[in-house]
Amino acid sequence: MKYLPTSYLLRGLLFLPLLTMSCLVSASELIQVHGGTQHEAIFDVTQFEGSIVAVGSSGTILLSNDAGKNWKRSATNIQDSLLGVTYIDSHIVAVGQAGTVLVSHDSGSSWSSIEPITNERLLDVAMRSDGMIVAVGAFGTILKSNDYGDTWDQMVIDWASITPSGFAPHIYSVRLLQSNIVIAGESGLIAKWSFETNEWIALHNGNVETQTDDASIFAMEINEQLNGFFVGQDGFLLRTTDGGKSWMRFNNLDTNELFLNIVAKRKNILITTIYGVLLSTNSGKTWRRMAPDTMDTLWISGAVLLDNDNAVILSGKNGNIYRMPI
Numbered sequence: 001m002k003y004l005p006t007s008y009l010l011r012g013l014l015f016l017p018l019l020t021m022s023c024l025v026s027a028s029e030l031i032q033v034h035g036g037t038q039h040e041a042i043f044d045v046t047q048f049e050g051s052i053v054a055v056g057s058s059g060t061i062l063l064s065n066d067a068g069k070n071w072k073r074s075a076t077n078i079q080d081s082l083l084g085v086t087y088i089d090s091h092i093v094a095v096g097q098a099g100t101v102l103v104s105h106d107s108g109s110s111w112s113s114i115e116p117i118t119n120e121r122l123l124d125v126a127m128r129s130d131g132m133i134v135a136v137g138a139f140g141t142i143l144k145s146n147d148y149g150d151t152w153d154q155m156v157i158d159w160a161s162i163t164p165s166g167f168a169p170h171i172y173s174v175r176l177l178q179s180n181i182v183i184a185g186e187s188g189l190i191a192k193w194s195f196e197t198n199e200w201i202a203l204h205n206g207n208v209e210t211q212t213d214d215a216s217i218f219a220m221e222i223n224e225q226l227n228g229f230f231v232g233q234d235g236f237l238l239r240t241t242d243g244g245k246s247w248m249r250f251n252n253l254d255t256n257e258l259f260l261n262i263v264a265k266r267k268n269i270l271i272t273t274i275y276g277v278l279l280s281t282n283s284g285k286t287w288r289r290m291a292p293d294t295m296d297t298l299w300i301s302g303a304v305l306l307d308n309d310n311a312v313i314l315s316g317k318n319g320n321i322y323r324m325p326i
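The C-terminal residue of the sequence shown carries number 326 in our numbering, and the numbering is unbroken.
Read the hints as simulated data drawn from the structure, not as lab findings.
Keep in mind that a hint or two might mislead.
Said to hold, decoys possible - Taking lysine-lysine pairs in the DSS-like style, the calculated list, with each CA pair at most 27 Å apart, reads:
# : residue 1 : residue 2
1 : Lys-267   : Lys-285
2 : Lys-72    : Lys-317
3 : Lys-245   : Lys-265
What the hints assert, rightly or not - Each pair of labels, with its calculated beta carbon distance range:
#  : residue 1 : residue 2 : range
4  : Asn-256   : Asp-147   : 39 to 49 Å
5  : Glu-40    : Ala-98    : 12 to 22 Å
6  : Gly-131   : Gln-32    : 30 to 40 Å
7  : Arg-266   : Ala-160   : 37 to 47 Å
8  : Asn-146   : Ile-201   : 17 to 27 Å
9  : Thr-212   : Ser-90    : 41 to 51 Å
10 : Asn-251   : Gln-225   : 19 to 29 Å
11 : Thr-212   : Arg-266   : 29 to 39 Å
12 : Asp-130   : Asp-158   : 26 to 36 Å
13 : Glu-29    : Gln-154   : 40 to 50 Å
14 : Glu-196   : Ser-58    : 37 to 47 Å
15 : Ala-75    : Ser-194   : 39 to 49 Å
What you are looking at is a predicted structure, and each value in this text was computed from that prediction instead of being measured.
Note that beta-carbon positions come from the ideal geometry of N, C-alpha and C, so glycine has one too.
Could you build the full structure based on these sequences and the hints that come with them?
Here it is, written out as structure tokens:
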């Protein structure tokens, strides 16, 4: 996800967390592994085979080759904030404000700025090993590349066939699968592009008039069968186990806080919020809050579960990056 309108963050801060879960607050240690400043932010992090890249405000790019213990800054020539990043093999693509796209083909040693084909803010990006990349953003923007980000085209959508009102929503999250592109965004929107039928199909829309399941969706964690979790505004947590044919809303999380991101590996599922993180170790059956005292004033938007599942890398407010055992 990796960027939220300021109004969403402020709205979330007006509510105290009221989570009623089966476990008490964890006392896990939050270890700061990189320090930023008061006016910085790290919006997104991702990993590939033990290497991690983090992106944030004013063109910040940070790299780690030791599971997040140490970080070095990668030089860029831009000042626009970077809001999403994806990493496969030696290829890294970062996207952000004003249609910014940065590409590296040497694991972050050097970067190329791609000529923008949109002025809209790009909020998330996903890549496949064959070089296909999809970036999404404000007002229904969807960009696609087939050459690891060197050239791009804009995908055109008939929003009247996807959303009840026909408006072009902000798209906050994207996943690029072998058979589908999956997007999620404003007003509870979840939709997929089928490579088999070459069409967009709506999987979920909220009812704006009745305010039913219409929260903005900021992040998703799904598999190739389109099964998984979606999180967003006002404590919104949605799950599908049949590829989007039916949906289950989690109502046992009694909270109005913003759910900013979700990551999963095997049975571990972690949600980042403006107050800390929520963790399930049994595929979402039960949850517990992991919020050391130092996290109660932090919002966390970036998260990576490390390969051994024993720790998570978190990023967000003040440009800080943390490592926390789980």
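Run the structure past the numbered hints and jot down the numbers of the failing ones, going up.
none
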